[in-house]
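Asks: Each chain, letter by letter, is given below.
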Amino acid sequence: MPLLDEDRLFPPDSEIRALARGLYEAVRDLPIVSPHGHTDPAWFALDEAFADPSALFVTPDHYVFRMLHSQGIPLNALGVPRRDGGAVESDPRAVWRLFAQNYHLFRGTPSRLWIDHAFQHVFGVTERLSADTADAIYDQIAGSLAQPEFRPRALYDRFGIEVIATTESPLDDLAHHRTIADSDWQGRVITAYRPDAVVDPDFEGFAENVERFGALAGEDATTWQGYLAAHRNRRAYFKTVGGATSTDHGHPTARTEDLPQTEAAALFVRALQGKCTPDEADRFRGHMLTEMARMSLDDGLVMQLHPGSVRNHSGAVFDAYGRDKGYDIPTRVDYVTALRPLLNAVGETDMTLIMFTLDESSYARELAPLAGVYPALKLGPAWWFHDSAEGMRRFREMTTETAGFYNTVGFNDDTRALCSIPARHDVARRVDCAYLAGLVATGRLAEDEAPEVAHDLAYRLAKEAYKL
Amino acid sequence: MPLLDEDRLFPPDSEIRALARGLYEAVRDLPIVSPHGHTDPAWFALDEAFADPSALFVTPDHYVFRMLHSQGIPLNALGVPRRDGGAVESDPRAVWRLFAQNYHLFRGTPSRLWIDHAFQHVFGVTERLSADTADAIYDQIAGSLAQPEFRPRALYDRFGIEVIATTESPLDDLAHHRTIADSDWQGRVITAYRPDAVVDPDFEGFAENVERFGALAGEDATTWQGYLAAHRNRRAYFKTVGGATSTDHGHPTARTEDLPQTEAAALFVRALQGKCTPDEADRFRGHMLTEMARMSLDDGLVMQLHPGSVRNHSGAVFDAYGRDKGYDIPTRVDYVTALRPLLNAVGETDMTLIMFTLDESSYARELAPLAGVYPALKLGPAWWFHDSAEGMRRFREMTTETAGFYNTVGFNDDTRALCSIPARHDVARRVDCAYLAGLVATGRLAEDEAPEVAHDLAYRLAKEAYKL
Amino acid sequence: MPLLDEDRLFPPDSEIRALARGLYEAVRDLPIVSPHGHTDPAWFALDEAFADPSALFVTPDHYVFRMLHSQGIPLNALGVPRRDGGAVESDPRAVWRLFAQNYHLFRGTPSRLWIDHAFQHVFGVTERLSADTADAIYDQIAGSLAQPEFRPRALYDRFGIEVIATTESPLDDLAHHRTIADSDWQGRVITAYRPDAVVDPDFEGFAENVERFGALAGEDATTWQGYLAAHRNRRAYFKTVGGATSTDHGHPTARTEDLPQTEAAALFVRALQGKCTPDEADRFRGHMLTEMARMSLDDGLVMQLHPGSVRNHSGAVFDAYGRDKGYDIPTRVDYVTALRPLLNAVGETDMTLIMFTLDESSYARELAPLAGVYPALKLGPAWWFHDSAEGMRRFREMTTETAGFYNTVGFNDDTRALCSIPARHDVARRVDCAYLAGLVATGRLAEDEAPEVAHDLAYRLAKEAYKL
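As given, the protein sequences belong to chains A, B and C, one line each in that order.
Letter by letter, the first sequence follows residues 1 to 468 in the numbering used here.
Letter by letter, the second sequence follows residues 1001 to 1468 in the numbering used here.
Letter by letter, the third sequence follows residues 2001 to 2468 in the numbering used here.
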């Protein structure tokens, strides 16, 4: 018996369901354009087999281990590595059994849909994961992983990916991307410029990072002008060598500033000296967004802003396990005030700023009105915790009436989990087709217009917005 | 082929759709009560033909030109006049073609529904606007506009409008309203008292405005008592001469204050001297809301508060094109704190304060609980960006359970676009009937009660709340 | 004719409706676990008849009198007692008639559903309340109330209540609970520890309360260590004598603090001296939440936090009528910042903190992400103004995808109105089954999993989370 309902995520009413299915069938098999995510370029450069089922599905997936942990399962029992190298569960089958025993926790979550999708479509699993089926499914997946057609490049091809973007620091030499480019494999794996390490005064080792950054760029990055030149240089390198078409910025807030150059330069000096107050560090980050936006105007890289997450909420977990352990919690963001300096600097130009949010209350109130008027601003898709059926539905319901479809940019999977890529794009295509079918059924979109919009949302808008 | 689906905005399920259609048919042709909007009284006073299709549908409609601009079309290419009188596109047909070529941008938006409604019902257009049909539709509308039955008074009559309110400054002499009253035309066009120019210390020319205000009122408005007396006088004038039943207030925040008179008087002096700090100006505006509320208690004018928009977000666009160019962006408002002084002053009386919001997150959390207990407070309908099918649905879903239907006041079209008036009321009637049908179908409202509520929402509540 | 639709609150689509009905039928008659509410233990201790229909349905129910008052009916006309003992309507039939004449105000509200449910199921009323039926229904209910099977203990048994919690102050001697325990009645009425009177420096008579508190506990509660010991003592008393399994905390904000003990002790001294600034009082309250959490870790009492209500919004109504008169208005809460100190202190332990909110915008943005990772944190159900069909639906739609079902704790009725208990649990069971049916119909939950989840939400999760 299949794990997945063929008509999942379509509206239950039979007439609208038929409409949605019709729209979906025409976009289901379109190539996947994945313009933003966090897959590891080493996978595609080295093309090595994944170690075991737990290493594929549990240990690296914060959606999965955070839910298990929320019910009291210690992270070390799930094999999540400790910072101090202390002992954690090292038997992948033991981790898998714990996962399987608690699979009911994922009822109603997108993780369940993604995992079942990968089980069924990638590995041919036909039984639901549970304590009873844990070992058989483990063995089935482990057996597959040993075969060449389950290596990263083969999966990329099988998933119908046309292009996938990773994100790298300006300090990265893009060796994996060069390896891929030099290989005879035809996959298109591009990078994105993510400069946190050299624009955030609070980043660990900021001053040393800036020095290395200058060395890589052949500029004296310890002067304000040299620092800006180094950015221009590394952005060009990311474009040329890594195929980058975009930059990515993940500050705690959406604050932007457009300071006088002398003030920015002075802040930069204080940042290098480690003397910034928290507010000064925040102003510097805010100002650097506007500098990045101005560079985008020159070099054409599309700018992405992902603000609004309070990182590492639990000090104890951070101390024991480090970053990205599920303790990044969304918070409110005031986009109207925060984006004003940057939008006043470049909002009327033809550069592109793609905004993401974790604060859904801003969709209809702030972001759709802003994207519905500023030529430079586009809305990224429902993100992270909102990368889900309900999250996507709310995104469309709360943005379309004011921003329309054409100030949005299609789907981003934003994932670190390779096997979830087709599952996530499939969810997005289904939810968008369901939404469009609803509009048709209620006379808000003509039936002959819907297929074009469905195609735009599934494929064209992502390619165009990200210049792919 | 009609542009509009006869059953648009009704629930797709056939049984509920039949319920909704039945409710709608009984209210569809009720007279239009339009208690709040921004149509130009000169239209009805002078009854001149509209110039051309672009002047009717594109150039004055910020919903339309903001969406076109968001995709990179310069405002001057749409004929939007520059402040400096610089050249803009002056050929209305060229503007129209640009509009038509980009008509797909409006898919899924209320503008699309309103425009198609006007095309079909007012002008008999039968083809969808596009690059191909642009000229033919232009010619058809232009031809209609030359005929007497498309002049403003004729359209008012044809639309079944029973009464329509405009808004004027206290500095306005209401000449157009007097012209209408003196004519033999039976239309009821009333004004509303909108005192921004004389209550906002930051308003351009505030001190001079207050002087002229005093002159019009026959009071020395440069003293605090004379200033209050001038308000009383002009409010009475607006009632008697302009038929006003309401006042309208559009401050950036919902802040109210109830200051000691000596402090208010001192702030007023500083305001006249141009010495208010931003916070003092805000306090003065906040205090004047409470003064206006107290005057409403005396003279019976219904008070409307429309807060929460950050005006002129783009400095460059404001400099080039001025106000109301689509750059007014909603922001968060804390109603619980902001309204407390005013509600503590008059909330327990039988004056009426109608609150609007652009911050939907306040519907269920703040505004419905406040309106569900204070006798003076009523909720205005979904407003501006939320004047849409989804916006209205969310309004009902998030306010009804706590405030009921009878602390709401029916529909406001709030429009500057004459031909959109029947379209907007039609959307509101359909969405409300759809909502009521859903309640009936889920056992939350008895079938015999729904028609009365539908009638209340479409007609009676607006008349009663606005004393029309 | 029945007042209630048998299929109320189920989705209208016939297939999903059948699914929902099937799930509901299996949970409809499960015992009621009521782990949080405000019924009066005197009812069950003394088992006296309720005075009259108005005393049962109108005068004590803030949902009811606030709605009537919002339309201009004075509270005294509804028999709500004044603080000064001044005259209010004393004829219950007159109050009832006013209620009946205005029963249309409750259309679309949960109150209407609850009252109709009680009318039909408890009193066998078959006609809708209105001016015409007021007297007959009054007489019917009054007649019932005189009979022994309508006394509190009989109703408890008839409603199928398995356990019900009240809330008491640490200053309460739990006499009623002792009476119940000593009786031969088998009902389980337990208390919950609600320490506002002795943890809030702004509470009326705080210093005297602390003194009495110490006396009751046999500790010198005027020293910081003695004060903490007194809490431990009274918590133990509430567990042993009152059967308590939980504590309850209703601060204005969700602010928590984890101060050094010396600083907490110093604040405590200032609080006893009445010298706390507002911010110091707030910090003290915030710190006491963390102290309570640490005690929960020791004694196993489940901790409940109900923040975010601005109490007594109208000064005039508070002066005339006192607390709890419908003027408590929800406000925004920043949970991410506010809960961090407490969660950093105990969030990784196996104590349980159940969070409630009146700010729905925090469900998907803050609370589900927090509950979906911290082992200690669980989400309480949709609360107060959101204890409604739409409120519950939004709760599930905005929490399930990130927190799943198993970080929620079933339903709380939170009521002061005995007859509404079965009605409220029935609404919750119907809405949850409707939600689950929707998941099944859209392929997000397997049909064979749904009944287990329905049972969990209706019964098991409340028992487990509250250790009942």
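Among these hints, one or two may not hold up.
[Said to hold, decoys possible] Cross-link-like lysine to aspartate or glutamate pairs, in silico, EDC-like; alpha carbons within 16 Å at most:
| # | chain 1 | residue 1 | chain 2 | residue 2 |
| --- | --- | --- | --- | --- |
| 1 | B | LYS1275 | B | ASP1202 |
| 2 | A | LYS275 | A | ASP202 |
| 3 | B | LYS1467 | B | GLU1348 |
| 4 | A | LYS325 | C | GLU2348 |
| 5 | C | LYS2325 | B | GLU1348 |
| 6 | B | LYS1239 | B | ASP1172 |
| 7 | B | LYS1325 | A | GLU348 |
| 8 | B | LYS1239 | B | ASP1299 |
| 9 | B | LYS1467 | B | ASP1299 |
I should point out that these hints are in silico values taken from the structure, not numbers from a laboratory.
Asks: Confirm or reject each hint.
Replies: Outcome of the hint check:
For the proposed pair LYS1275/B and ASP1202/B, the alpha carbon gap of about 10 Å is at most 16 Å, so the pair holds. Under the criterion of a C-alpha separation no larger than 16 Å, the hint pairing LYS275/A with ASP202/A is consistent with the structure, at around 10 Å. Between LYS1467/B and GLU1348/B, the direct Cα distance comes to roughly 19 Å. Violation of the 16 Å bound is thereby established for this hinted pair. Of the pairs offered as hints, the one joining LYS325/A and GLU2348/C holds, with about 13 Å between alpha carbons and a cut-off of 16 Å not exceeded.
Restraint check for LYS2325/C and GLU1348/B: the C-alpha separation of about 13 Å stays at or below 16 Å, so the hint holds. For the suggested pair LYS1239/B and ASP1172/B, the alpha carbons sit about 13 Å apart, so the restraint of at most 16 Å is met. Taking the CA atoms of LYS1325/B and GLU348/A, the gap is near 13 Å; set against the 16 Å cutoff, the hint holds. Among the hinted pairs, LYS1239/B with ASP1299/B is consistent with the structure: their alpha-carbon atoms are about 9 Å apart, no more than 16 Å.
Using a Cα cut-off of 16 Å, the hinted pair LYS1467/B and ASP1299/B holds, with the two alpha carbons roughly 12 Å apart.
Checked against the numbered hints given earlier, this structure breaks only hint 3.
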